[in-house]
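2 protein chains.
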Amino acid sequence: MQTDNTPKLQDLRAALERDGAELARLLAEWHPADLAEHLQDLDEGEVEEVFTSLGGEARAEVLQYADDPLRQLAVAHLSAASLAEVIRELPADEVVDLLALVDGAVAEEALHRIDLQRSTSLRELLHYDPESAGGVMTTEFVTVPVDTRVGDAIKQLKVDADRADEDVGVYVVDDEQRPVGYVTDRDLLTHRIHAPLGEVMAEAFTIRAEADQEETAQIIHKYGLEALAVVNGAGVLVGVISSVDAAEVFEEEASEDIMRLVGTAPVHQTRLPVLTRVRHRIPLQAVTVAGGLVTARLLDYALPAEPGSSVALLRYLPIIIGLAGNVGIQSSTILVRAFATGEVEEDRERAVFVSEVMTGLVIGVLCGLLTIPAAAWMEGSAAVPAWQFGTSIGVAIMVAVTWASLLGCTVPLGCKHLGIDPAVVAGPFLICLSDVSGAAIFIVVARIMGQALTAGAGVP
Amino acid sequence: MQTDNTPKLQDLRAALERDGAELARLLAEWHPADLAEHLQDLDEGEVEEVFTSLGGEARAEVLQYADDPLRQLAVAHLSAASLAEVIRELPADEVVDLLALVDGAVAEEALHRIDLQRSTSLRELLHYDPESAGGVMTTEFVTVPVDTRVGDAIKQLKVDADRADEDVGVYVVDDEQRPVGYVTDRDLLTHRIHAPLGEVMAEAFTIRAEADQEETAQIIHKYGLEALAVVNGAGVLVGVISSVDAAEVFEEEASEDIMRLVGTAPVHQTRLPVLTRVRHRIPLQAVTVAGGLVTARLLDYALPAEPGSSVALLRYLPIIIGLAGNVGIQSSTILVRAFATGEVEEDRERAVFVSEVMTGLVIGVLCGLLTIPAAAWMEGSAAVPAWQFGTSIGVAIMVAVTWASLLGCTVPLGCKHLGIDPAVVAGPFLICLSDVSGAAIFIVVARIMGQALTAGAGVP
Chain A
50 MQTDNTPKLQ DLRAALERDG AELARLLAEW HPADLAEHLQ DLDEGEVEEV
100 FTSLGGEARA EVLQYADDPL RQLAVAHLSA ASLAEVIREL PADEVVDLLA
150 LVDGAVAEEA LHRIDLQRST SLRELLHYDP ESAGGVMTTE FVTVPVDTRV
200 GDAIKQLKVD ADRADEDVGV YVVDDEQRPV GYVTDRDLLT HRIHAPLGEV
250 MAEAFTIRAE ADQEETAQII HKYGLEALAV VNGAGVLVGV ISSVDAAEVF
300 EEEASEDIMR LVGTAPVHQT RLPVLTRVRH RIPLQAVTVA GGLVTARLLD
350 YALPAEPGSS VALLRYLPII IGLAGNVGIQ SSTILVRAFA TGEVEEDRER
400 AVFVSEVMTG LVIGVLCGLL TIPAAAWMEG SAAVPAWQFG TSIGVAIMVA
450 VTWASLLGCT VPLGCKHLGI DPAVVAGPFL ICLSDVSGAA IFIVVARIMG
500 QALTAGAGVP
Chain B
50 MQTDNTPKLQ DLRAALERDG AELARLLAEW HPADLAEHLQ DLDEGEVEEV
100 FTSLGGEARA EVLQYADDPL RQLAVAHLSA ASLAEVIREL PADEVVDLLA
150 LVDGAVAEEA LHRIDLQRST SLRELLHYDP ESAGGVMTTE FVTVPVDTRV
200 GDAIKQLKVD ADRADEDVGV YVVDDEQRPV GYVTDRDLLT HRIHAPLGEV
250 MAEAFTIRAE ADQEETAQII HKYGLEALAV VNGAGVLVGV ISSVDAAEVF
300 EEEASEDIMR LVGTAPVHQT RLPVLTRVRH RIPLQAVTVA GGLVTARLLD
350 YALPAEPGSS VALLRYLPII IGLAGNVGIQ SSTILVRAFA TGEVEEDRER
400 AVFVSEVMTG LVIGVLCGLL TIPAAAWMEG SAAVPAWQFG TSIGVAIMVA
450 VTWASLLGCT VPLGCKHLGI DPAVVAGPFL ICLSDVSGAA IFIVVARIMG
500 QALTAGAGVP
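Residue numbers (this note's numbering), protein chains in the order written: chain A, 50 to 509; chain B, 50 to 509.
To be clear, the hints were calculated from the coordinates, so they are not data collected in a lab. Incorrect hints may have been included.
As the list makes no split between identical chains, a pair holds if one copy fits it or if it spans any two.
[Claimed, not checked] The calculated SDA-like cross-link candidates involving lysine to any residue, where the alpha carbons are at most 20 Å apart (straight line), are:
1. K207 with E134
2. K271 with L206
3. K271 with A82
4. K271 with P332
5. K207 with I242
6. K207 with Y114
7. K465 with A260
8. K271 with Y114
9. K271 with V316
10. K207 with R241
11. K271 with L76
12. K204 with R241
13. K271 with Q166
14. K271 with E143
15. K271 with T319
16. K57 with P434
17. K207 with T188
18. K57 with E71
19. K271 with H317
20. K204 with P179
21. K271 with D90
22. K271 with Q113
23. K271 with M50
24. K57 with D92
25. K465 with R167
26. K207 with H243
27. K465 with E180
28. K465 with H176
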């Protein structure tokens with residue numbers, strides 16, 4: 050498959066509008082990963098329609114490639130019977146992730162419908178903290194005693210082929226099921242079939258099941274491991290984590306760190322409704338408004354001035370610059386990461402741009418409304434009516450924040466189209482631009498709103 | 050190997066201080082990944098001593114786990130003969146990365162000393178842009194014609210075992226060497242030896258050699274591939290990228306994005322000398338000072354006031370809050386990422402803390418010194434001598450920036466020890482705290498430095 054020519058969202062939409070045969074033809078042609086990607090942009094009804102058209106095996110494949118929000122939509126409409134069918138096809142660690150999204154009673158019924166041995170081991174996996182080594186490990190792999198020969202290990206692998214994770218080789222265990230060595234598929238292929246595994250195996254790296262998933266991924270990365278054995282308190286092998294799982298943990302944690310540092314939620318922001326994005330980001334802005342009001346109060350105490358004077362006005366500059374800076378950095382960070390992870394392809398750029406700027410506008414209006422009474426109260430009643438003063442500040446915030454979000458979207462998009470790395474420019478350039486323009490907007494708005502504002506200042 | 054008990058830096062230092070036998074014993078015991086990690090904290094002479102004590106094979110192993118700065122130190126002292134020995138042991142993609150760090154003449158001489166066929170293929174790899182698919186691919190893997198049977202593919206793999214990348218299976222090619230399918234090691238193990246590969250193989254995903262490495266990693270991640278075939282313009286297979294390579298690209302790009310967004314260089318900041326860190330971060334601060342001065346000028350024009358008055362003073366608040374915010378966010382981001390990637394273990398926390406705060410201090414002093422003449426010039430000569438005014442602003446910057454860097458280090462470290470995710474708290478909490486305390490410091494310093502400053506303001 051040539052990867053520079055992937056299917057387009059509009060084809061899927063077109064197929065949905067025509068008859069079922071057209072949709073079935075398209076679903077049979079598309080790679081499940083492409084389908085999982087584009088399904089994220091459809092609404093609940095359309096997702097349900099697609100999942101109904103898919104067979105059990107294809108459903109499982111699409112779910113394996115899907116992120117949590119899509120999984121949630123998709124499994125909401127599945128019967129226990131269909132869910133059981135999906136569970137049979139998916140590897141154990143994926144099943145555990147999936148069952149966390151399903152109503153408890155449906156999950157229970159689905160587990161009843163599958164093989165008892167497998168449902169028992171799945172139930173055991175469900176007990177682990179999802180962020181721990183136990184929560185990301187799989188229990189489906191091959192173990193053999195230490196005196197096994199290469200040829201017999203291969204036979205064992207053939208027997209267990211259906212259920213054994215392809216990313217993990219064979220673990221050699223002692224009589225107490227403690228891991229003593231690890232053999233890769235390549236080792237099995239390149240050694241004599243009569244060689245005892247004890248001569249072929251490498252040291253088995255182990256970690257406790259309660260260890261944090263991030264620590265687990267760090268170890269796999271540091272030692273360049275293909276697989277890491279997970280053990281319980283007695284050192285008994287209870288599961289295994291592959292390098293593929295570790296890479297996923299790493300990417301998840303990196304995106305989480307970035308998003309949290311700029312004060313937003315670690316999910317695919319560009320796919321969320323505007324109001325959900327606002328909800329994710331408003332705590333940081335509220336903290337900034339609170340900090341800004343404390344600063345204004347502090348300045349009022351230290352540099353007392355007439356209400357409505359230039360000094361009184363300038364006390365609110367930190368709030369405006371702070372809010373504008375936050376929103377600008379949030380928008381640009383979200384876009385930079387979305388470009389890096391392939392979340393925003395060219396056909397979604399316009400939609401993402403519009404929704405991000407809308408998000409900025411809503412945040413700006415909310416913060417402005419929050420500040421108006423606070424500023425009015427802090428100024429008390431005075432020469433210039435306090436509410437007019439508060440409103441000037443509030444409106445300036447609304448304009449400056451919306452503008453910052455516009456900048457925060459335009460700069461990374463522009464960089465991308467000019468072939469410049471958006472991350473290099475987005476940070477420093479944006480901070481400077483949004484500070485200067487925030488101050489300019491503040492002055493202009495305050496001037497227009499309160500003509501008398503400068504009258505009380507210390508003009509010579 | 051139980052991974053919760055890894056070797057300590059102090060043991061390596063102790064061994065270096067004793068005799069050579071002690072060092073040799075330790076080097077034989079340690080995993081090369083642990084050695085590569087702790088060597089990063091030693092100086093050039095010590096690194097040379099360790100590398101001299103290592104045999105050729107062990108040297109190659111340590112280099113394979115090492116990051117670029119350590120590789121640079123380590124290879125600087127290697128003769129062409131020793132380098133050739135290392136090249137023989139390393140996979141092709143690692144050799145290419147390594148040769149980029151070596152003096153051209155030495156690299157050329159080392160390439161002359163190895164097998165002609167291999168050096169030719171290495172030279173070809175060196176032509177690709179390091180950030181492209183061609184730059185990260187390897188040329189060392191097994192290809193077989195489409196009519197090959199499973200048993201014969203296994204034989205071929207046994208022959209090429211030494212040189213074939215373990216992370217990549219077997220590519221099936223047509224008469225023109227275009228990839229038509231891919232077979233994993235697991236496929237070879239679980240199918241009949243008489244099965245033709247055409248029946249066993251999966252579709253081969255391909256990408257052009259000029260494609261960006263980030264795009265390449267995205268495709269491998271999206272489709273969950275074990276390997277991606279790299280082709281030239283004619284569709285001929287020229288190399289392959291494994292999922293392991295892709296994970297490395299992803300981690301590199303994520304760290305790069307984060308570091309660049311906060312205006313610093315994408316390398317292990319906590320291992321760098323203070324002055325190098327300052328050099329990486331000063332461009333963003335210079336931009337912030339420039340933006341802040343423009344803002345001050347704008348405010349001066351819009352809200353004219355007596356030189357040295359409260360209004361004149363408040364014009365500089367954006368610079369101070371901006372600088373303090375930047376430095377705080379840089380410190381906290383660096384620490385949060387260093388915790389996440391395992392760069393800062395417990396035994397380095399104190400050293401990292403001290404050096405980060407020192408970095409903040411130096412940046413603060415530089416920015417303060419930069420602002421003094423600018424602020425003095427902008428105020429002109431007036432009631433309060435302009436230089437005294439400028440100095441107040443400059444000193445306030447120095448104190449506020451150092452304080453912000455102290456906060457930016459203390460908060461993530463404190464969170465880590467309290468078991469809170471540092472990323473959640475570091476962003477919002479720090480921004481608020483550094484804004485408020487920046488303003489407070491500004492006022493206190495300005496008051497102390499220029500007693501007369503408030504005299505000119507519009508106090509009732």
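Worksheet item: Which holds for K204 with R241 at a C-alpha limit of 20 Å: within a copy, between copies, both or neither?
Response: both (14 Å within a copy, 11 Å between copies)
Worksheet item: Between the shortest in-copy and the shortest cross-copy C-alpha distance, which are at most 20 Å for K207 and R241: within, between, both, or neither?
Response: Classified as both; 17 Å inside a copy, 10 Å across copies.
Practice prompt. Evaluate K465 and R167 at a C-alpha cut-off of 20 Å and name the case that applies: within, between, both or neither.
Written response: neither (48 Å within a copy, 38 Å between copies)
Worksheet item: At most 20 Å between C-alpha atoms: does K465 with A260 qualify within a copy, between copies, both, or neither?
Response: Result: close only across copies, 15 Å inter versus 40 Å intra.
Discussion item. Please sort K271 with A82 into within, between, both or neither, judging by C-alpha distance up to 20 Å.
Written reply: between (29 Å within a copy, 6 Å between copies)
Discussion item. Cα distance capped at 20 Å. Does K207 pair with Y114 within a copy, between copies, both, or neither?
Written reply: neither (26 Å within a copy, 34 Å between copies)
Discussion item. At most 20 Å between CA atoms: does that hold for K271 and P332 within a copy, between copies, both, or neither?
Written reply: Answer is neither: 36 Å inside a copy and 32 Å across each miss the 20 Å cutoff.
Practice prompt. Since the copies are identical, ignore which copy is meant and state whether K271 and Q113 lie within 20 Å (CA to CA) inside a copy, between copies, both or neither.
Written response: between (27 Å within a copy, 11 Å between copies)
Worksheet item: Using 20 Å as the alpha-carbon threshold, which applies to K207 and H243: within, between, both, or neither?
Response: So K207 and H243 pass the 20 Å test inside a copy (17 Å) and across (15 Å) alike.
Worksheet entry | Status of L76 relative to K271 across identical chains (alpha carbons, at most 20 Å) | between (40 Å within a copy, 18 Å between copies)
Worksheet item: With identical chains treated as interchangeable, where does the CA-CA distance between K207 and T188 reach 20 Å or less: within a copy, between copies, both, or neither?
Response: within (17 Å within a copy, 30 Å between copies)
Worksheet item: Within a copy, between copies, both or neither: where do K204 and P179 come within 20 Å Cα-Cα?
Response: neither (34 Å within a copy, 42 Å between copies)
Checked against the numbered hints above, the structure breaks hints 1, 2, 4, 6, 13, 16, 20, 25, 28 and satisfies the rest.
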